[in-house]
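**Q** Residue-level listing of the chains:
There are 2 protein chains.
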Amino acid sequence: MPQRIGQYTVATPSRPALLSYAAAVGNKEGDGPLGSCFDYIAEDTTMGRGSWEQAESMLQKTAVQIALKKIDLAARQIDLIFAGDLLNQCIGSTFGLRDFGIPLIGLFGACSTMALSLLNAALAVDAGAARYAVAVTSSHFCSAERQFRQPLDYGGQRPPTAQWTVTGAGACVVGHGEGIAVEALTPGRVVDLGIKDANNMGAAMAPAAADTILRFLKDTGTEPGDYDRIFTGDLGVIGSRLLCELLDKEGIDLRAVHRDCGVMIFDRERQDVHAGGSGCGCSASVLCAHILPEMAAGRLKNVLFCATGALMSPTSSQQGESIPGIAHLVHLRA
Amino acid sequence: MPQRIGQYTVATPSRPALLSYAAAVGNKEGDGPLGSCFDYIAEDTTMGRGSWEQAESMLQKTAVQIALKKIDLAARQIDLIFAGDLLNQCIGSTFGLRDFGIPLIGLFGACSTMALSLLNAALAVDAGAARYAVAVTSSHFCSAERQFRQPLDYGGQRPPTAQWTVTGAGACVVGHGEGIAVEALTPGRVVDLGIKDANNMGAAMAPAAADTILRFLKDTGTEPGDYDRIFTGDLGVIGSRLLCELLDKEGIDLRAVHRDCGVMIFDRERQDVHAGGSGCGCSASVLCAHILPEMAAGRLKNVLFCATGALMSPTSSQQGESIPGIAHLVHLRA
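Residue numbers (this note's numbering), protein chains in the order written: chain A, 2 to 335; chain B, 2 to 335.
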């Protein structure tokens, strides 16, 4: 049963475990440094579907199917599925999960959704509201680019601060049993320091990551050195640098243990992604294909997973609003 | 601590209570049959803001502020806020709640969001993950119309099956103490019978409402006659009729106790809303301004609140997809 620690953090003493996990990605991600880790790599951007949006739904469906199959669970055994994505009205999740018949808690946390869904799934299992819960999210470069920026055919120049939306999905099955455990979680707050450049998401999200990591460390009385790794979602190189600088001001040096999923998923020299990867599917696929397997193999034991999201829409940006950020954190232990 | 009942329902035995609630609406809603019940009625559609989207954010902020003020709680005393809305990337919630500094669980359930947020807030309080949690959602006729249908200036003809998106927001503060209690909840599943007409949302959502109500009644071994009222979110007149017909086939007659928030909020003869009201703010404002006060006054004691959502986007509809529905249910007792 969940217990509050400090002002913001919730411990999950029954240790809900990540019993299974899977990542399905596009071919560019498959060609990146983590290429050998993914459970499924699509041959092209459409996965044989009529639209990129439908392809994104297929990625989400595929990740869930593989995660369920790995532990031989049927969809009807899952009490709750927590899901969301970047598309308007979260159609990646709605249509991707439609056929499973699992009760659905729809979420919106932009690129922070993997931590948001995992946080909620762990809470539900710890509280006894679900025996098995699934956390899943996705993003797709093509569906995101045309929704948030420009038609792909336009071929607009991308500034060096821009990030590349990952085509991918990650899914985790949470329940009681053997596996990497969720020990605690810190839900994010909206943090907005006034950044307005939609081509510099890392800078917009870094203050939210700093806020959440600080609140977690304070609530638990721990410091970065207590963890093998502190992963952020998709700050990219610019946001990562800003995060470290923001925490420097608080007397906290994150550099030795910090890694960013957006920096890890692509080879920036070779894959022309500028500041790194982004999108809900970025931290989701890196979590499921790299972080959790590394923990299962015993190479990482004590890990913070802090996914970050930029909460603007094209409409809010066109209306001159700044970009609010949010970051949700989950403490994992092997 | 939450306990599962039957296959789909979760009981909340600590009886998390709706300690406070408030509704803020637009002037058309204020001119309707429930006009005297709302806590705040805006003078015009912009609330003095630069856009309808910003006005929607203000409605959500206003509802939360009034609900907190009624029980003299400060924002920093709220552990979690569960919020979502119809706008792309849920900017009604993000920008409306930005200044509170409360940890935010972003939700997406289209027009089912009031039940979805209340369900999650009750679970969090029952589980001890939050001492106080807020559930809130909003919609705005003008921001929804131009996002989902046509520019307002276009003046398109509305078919008789169309519903009118409510301009309004509702917020509930959930915690332990005196008040109407959440006894149980049934999360919704995606149900899609193939309806494709975006001007007939009631028909698209009715099967989901039937599915959730049936699952709740089966899990709890109860029947409609056991409740003073069973409220649906915003099926309107056409969806309500379909819901009753769908349940007839299961041998269940809902008519004596069924009411629909979309039918209740407007005077259909006088206010030209065709099949009734819709939008997240419809069931949210009717819940907070009418249903809960009726329960507090002792006129209703045992109530099911089942809000319904249509999970399509303009993109999915343009791509020829059907409209999936979802309905989340909360069992309330005075």
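A couple of the hints might just be wrong.
Under the rule of at most 35 Å between Cα atoms (straight-line distance), these lysine-lysine pairs were calculated in the DSBU-like manner [said to hold, decoys possible]:
#, chain 1, residue 1, chain 2, residue 2
1, B, Lys219, B, Lys302
2, A, Lys70, B, Lys302
3, A, Lys70, B, Lys70
4, A, Lys197, B, Lys302
5, A, Lys302, A, Lys70
6, B, Lys250, B, Lys219
7, A, Lys219, B, Lys71
8, B, Lys197, B, Lys219
9, B, Lys197, B, Lys250
10, A, Lys302, A, Lys250
11, A, Lys219, B, Lys302
12, A, Lys219, A, Lys197
13, B, Lys219, B, Lys70
14, B, Lys250, B, Lys71
15, A, Lys71, A, Lys197
16, A, Lys71, B, Lys71
17, A, Lys250, A, Lys197
18, A, Lys71, A, Lys250
If you're looking for bench data, these hints aren't it; they were derived computationally from the structure. Nothing here was measured: the structure is a model prediction, and the numbers come from that model.
**Q** Any hints this thing doesn't respect? Which numbers, in order?
**A** When the structure is compared with the hints, numbers 2, 3, 4, 11, 13, 14, 15, 16, 18 turn out to be violated.
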